[in-house]
Amino acid sequence: MIPGPFSYHRPASVADAVKLLSDLGEDARPLAGGHSLVPMMKLRLATPAHLIDLHGIAALKGISRNGNNLVIGAMTTQHELLASDDVAKSMPILHEAALLIADPQVRYRGTIGGNVANGDPGNDMPALMMTLGATYRLEGASGARDVPAADFYQGAYFTALEPGEILTSVSVPVPAAGHGYAYEKLKRKVGDYATAAAAVVLTMSGGKVATCTIGLTNVHETPLLAADAAKAVIGTGLDAATLKKAAAAAEAIMAPAADARGPVEYRKHVGGIMVTRALQRAASRAK
Amino acid sequence: MNDMTPTREQREAALEGMGCKRKRVEDIRFTQGKGNYVDDVKLPGMLHGDFVRSPHPHARVQKIDDSEALKVPGVLAVITAETLKTVNLAWMPTLAGDVQMVLADGKVLFQNQEVAFVVATDRYAADDGINKVIVEYEPLPPLVDPFKSMDKDAPVLREDLVGKMSGAHGPRKHDNHIFEWTVGDKELTDAAFNKAEVTIKEMISYHRTHPSPLETCQCVCSFDKIKGELTIYGTFQAPHVIRTVVALIAKLPEQKIHVIAPDIGGGFGNKVGAYPGYICAAVASIVTGKPVKWVEDRIENLTATSFARDYHMTTEIAATKDGKVTGLRVHVLADHGAFDACADPSKWPAGFFNIVTGSYDFPTAHLAVDGVYTNKAPGGVAYRCSFRVTEAAYCIERGMDILAQKLKMDPAELRLKNFIKPEQFPYHSALGWEYDSGDYHTAMRKMMETTGYAALRKEQEEKRAAFKRGETREIMGLGVSFFTEIVGAGPSKNCDILGIAMFDSCEIRMHPTGAGIARMGTKSQGQGHETTWAQIIATEIGIPADNIMVEEGNTDTAPYGLGTYGSRSTPVAGAAIAMAARKIKAKAQMIAAYKLEVHEDDLEFDIDGFRVKGLPEKFMSMKDICWAAYNSVPPGMEPGLEAVSYYDPPNMTYPFGAYLCVMDIDVDTGVYKVRRFYALDDCGTRINPMIIEGQVHGGLTEAFAIAMGQEIRYDDVGNVVTGSFMDFFMPTAVETPHWETDFTVTPSPHHPIGAKGVGESPNVGGVPAFSNAVNDAFSFLGSTHIQMPHDFWRNWKAAKELGAVA
Chain L
1 MIPGPFSYHR PASVADAVKL LSDLGEDARP LAGGHSLVPM MKLRLATPAH
51 LIDLHGIAAL KGISRNGNNL VIGAMTTQHE LLASDDVAKS MPILHEAALL
101 IADPQVRYRG TIGGNVANGD PGNDMPALMM TLGATYRLEG ASGARDVPAA
151 DFYQGAYFTA LEPGEILTSV SVPVPAAGHG YAYEKLKRKV GDYATAAAAV
201 VLTMSGGKVA TCTIGLTNVH ETPLLAADAA KAVIGTGLDA ATLKKAAAAA
251 EAIMAPAADA RGPVEYRKHV GGIMVTRALQ RAASRAK
Chain A
288 MNDMTPTREQ REAALEGMGC KRKRVEDIRF TQGKGNYVDD VKLPGMLHGD
338 FVRSPHPHAR VQKIDDSEAL KVPGVLAVIT AETLKTVNLA WMPTLAGDVQ
388 MVLADGKVLF QNQEVAFVVA TDRYAADDGI NKVIVEYEPL PPLVDPFKSM
438 DKDAPVLRED LVGKMSGAHG PRKHDNHIFE WTVGDKELTD AAFNKAEVTI
488 KEMISYHRTH PSPLETCQCV CSFDKIKGEL TIYGTFQAPH VIRTVVALIA
538 KLPEQKIHVI APDIGGGFGN KVGAYPGYIC AAVASIVTGK PVKWVEDRIE
588 NLTATSFARD YHMTTEIAAT KDGKVTGLRV HVLADHGAFD ACADPSKWPA
638 GFFNIVTGSY DFPTAHLAVD GVYTNKAPGG VAYRCSFRVT EAAYCIERGM
688 DILAQKLKMD PAELRLKNFI KPEQFPYHSA LGWEYDSGDY HTAMRKMMET
738 TGYAALRKEQ EEKRAAFKRG ETREIMGLGV SFFTEIVGAG PSKNCDILGI
788 AMFDSCEIRM HPTGAGIARM GTKSQGQGHE TTWAQIIATE IGIPADNIMV
838 EEGNTDTAPY GLGTYGSRST PVAGAAIAMA ARKIKAKAQM IAAYKLEVHE
888 DDLEFDIDGF RVKGLPEKFM SMKDICWAAY NSVPPGMEPG LEAVSYYDPP
938 NMTYPFGAYL CVMDIDVDTG VYKVRRFYAL DDCGTRINPM IIEGQVHGGL
988 TEAFAIAMGQ EIRYDDVGNV VTGSFMDFFM PTAVETPHWE TDFTVTPSPH
1038 HPIGAKGVGE SPNVGGVPAF SNAVNDAFSF LGSTHIQMPH DFWRNWKAAK
1088 ELGAVA
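Line by line, the protein sequences give chains L and A. Once you know that position 239 of the first sequence is 239 in this note's numbering, the rest is easy, because the numbers rise by one and skip nothing. Add 287 to the 1-based position in the second sequence for this note's numbering, that's all there is to it.
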């Protein structure tokens, strides 16, 4: 549990960080909250020769409005996310989910950028961001580009980030007023990754589901959008048969690994239950 | 008398003696980060050692190449078995009469076994060095399932023992067999089963787990070549035993070995034994002439040092139709891993597992335990319990529930019907113990009344009906557990460690101003000895507890003791304290008689001094007696006021308790909620009720962890898959249920202050309460026994197998 040798860099601007990354090449890794990278380094599963600490870059911090979007700087911590009134009021699902991430100590250090950029299927925010239709801003030597969260995840720890690029902010469209939402996460204990989790954002009209998006965490090597499950509930009052159908449609796209949280069959089964419960709770909250 | 004269109550209160909820004096430093732990020890020129470990569970070591490692800046030495052979330390004796490799000698026998020890100027360099040691292995077939250990074609693990048909505990039946231990009357027991009206039989497993104290095992060894002295700072629950073991295996004169156990961050049995890290750090210090520190990380602690349990108990009970037990027959298959390194008293290869008759009056019983080797880490320590007592309590308490189910009797009623009656004490059990005291019926009835047991059963019946009607997906379980602990090892007639009788000791030295120091053979790891030991002395001799300093852990100053584990400190050392204090008091009485000019027999002790009978104004306080002891003792008496006691207990003590767990389980996810947990403990005389409550909370939390998910698990090919707190269930305050505690008091008749020990009772009684709750919840769906641990997915699996989930 002792990391190997590395050099430490603390750039003051995104431009400097990007330059360091491109100059140092594959031996360099950006460091945000460190909750994924540092344990991997302690196990020597990651042995970067250079760490580029992003904590010195003021421009990567903070939450602001840009039209109908909330723009969250990559180095904004989960704690800061939880402390934001704007987040709590305009997209309460983010607040609800952030509270389910690890524990207060981790949330003081852990960042939104690190959580979404790492490509860890166990992280909660990626599925949330896909559900909310967020876009990630990636900056590299050749400039900036925006990639939808839904297109970002390609495999476990494998994302659309090109070598030399840094994820600098997340832009999230504010959901419709009166929307219903829920993040249902089954975990073994505080600090654990989800055995399975489901995010639901929906709107209701006349007692029927008008729009619905469903995201899934840790039931596949990437976060998932359960499009068929969402489609199955549109126009319904979420009766038992519909819920069953939606859960089955969601389970059909799940491919979790068997681990100490349980065998594949269990993780898929409870994944379906998380979808059902999130749909029910979201509907009960919709106005 | 003026108004300022303290009342008797005020004088009593000022002592903060036995029965007082005295705040823990050690917490002043612990809560301010001022504890002094082994990793805080930093000696000039100190080096750091770390292990190269085996990735294979079973392999031949063909070659160890350290040439690249020695080129790493800061790396000074790489120690291997070949190095250790030069000082005859490649293997070390275990407490169980086996031998264990210190570093891999030709073979590795479990994953993460120590292969080489890299010594460097700092911990980072040591780790860099580890990654440069190249070890060539030839993998061998792993033996993971203990039930296959004695198969004809099983791979032979211990080549050093091939052909030895007898071990430390008698004959061996197979190369992978360690011992067979039998107790009880087989013929009588078989006869009871042959004519039994009702019998049950179930294979009840208590899975492998780990004590996992917050502070891992660690040491600093410093060899002084000029003086020929070895100083060892270490996380030792039994520092004197470590000193003697070092003297025996390193052939150093014992007076030249200084063992110091500073503050310890939890032990739970993990820190009783000797580990390769200690030996390697000592040898490295001898080789380099510098102090060497070894600090285990969490993965190493969980995967290499001292697991607990791993008992597979085939349990049979014979009974009459109306629920009177007539016989108990248990066979245990004990998985000891690669070496038999159980930390039990030497003559007890399965600890005190023969307490398995529990709290019940079994006319006859028979027990056989087979210990076997597998490709897993060695250990088998008493994780917050007396030796193998949690296993025994789990075995009998599950067995009684299974019998109740078969008889369609309430499990509490079945227990009440079979309890040893108060008038039967001292009670001789069918498997050889003499229970000193108990009042089981009172404790059980108090539990049932306080919890509203009958109403809970009624609620359960209604919920079961509602579940069957499809109105709820939640099932409810009531886990009854009534345990009898056996603690206080132990009487020299049957308890020793490597030939050293298991007494304990106390030395009290009073100072002229009415203060004193007590030095002990025990070693607190969080139990609060500095607080409670002073309370015993306060009550015994009338000096305020605040004026008594308690010191433990330095073998140069402390009297020889066997240490702290198995809830032995209060039953054994607690008695030594009282006996030493009584010697002080006897001398004080002589001094008081001389000063008050009366005969000793004319004096009576009165809270904090001696008073002349019938003349209440003629009084001499203990404080004044202390002064007099140093300047005006009676003619012919030696000055000073100190005493030492080595206490060899006449018997064990037998704490007991009645627990109830109320649990709700969602069958669709397997998620459980502990709605209520009630724990009534009887530990005899209560020294500090607050510390007892804290001990019960801690023990129950560990019991909760073990029963509900905490395990050391190996996959089919011998990889240990629970090497971190991510997968090894360590509950936080969020997961931990609320605990309700209660008590009765049945003092031990043979203990000087009637105390019995409590630290481990809640783990012993807690595990069966949780497991019985889960099993009780599912029983109406047709199950008899569901193995632990009862984590979410296994509960769901049980529900699915019973047809409750589609």
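Derived from the structure by calculation, the hints contain no laboratory data. No experiment lies behind these values; they were computed from the predicted model shown. It is possible that part of the hints are untrue.
[What the hints assert, rightly or not] Result set (SDA-like, lysine to any residue): computed pairs, CA atoms no more than 20 Å apart in a straight line:
no. : chain 1 : residue 1 : chain 2 : residue 2
1   : L       : 187       : A       : 1022
2   : L       : 189       : A       : 1026
3   : A       : 1084      : A       : 437
4   : A       : 960       : L       : 192
5   : L       : 189       : A       : 1000
6   : L       : 42        : A       : 1014
7   : L       : 189       : A       : 881
Checked hints:
no. : hint               : result
1   : 187(L) <-> 1022(A) : 11 Å, holds
2   : 189(L) <-> 1026(A) : 19 Å, holds
3   : 1084(A) <-> 437(A) : 31 Å, violated
4   : 960(A) <-> 192(L)  : 18 Å, holds
5   : 189(L) <-> 1000(A) : 18 Å, holds
6   : 42(L) <-> 1014(A)  : 18 Å, holds
7   : 189(L) <-> 881(A)  : 67 Å, violated
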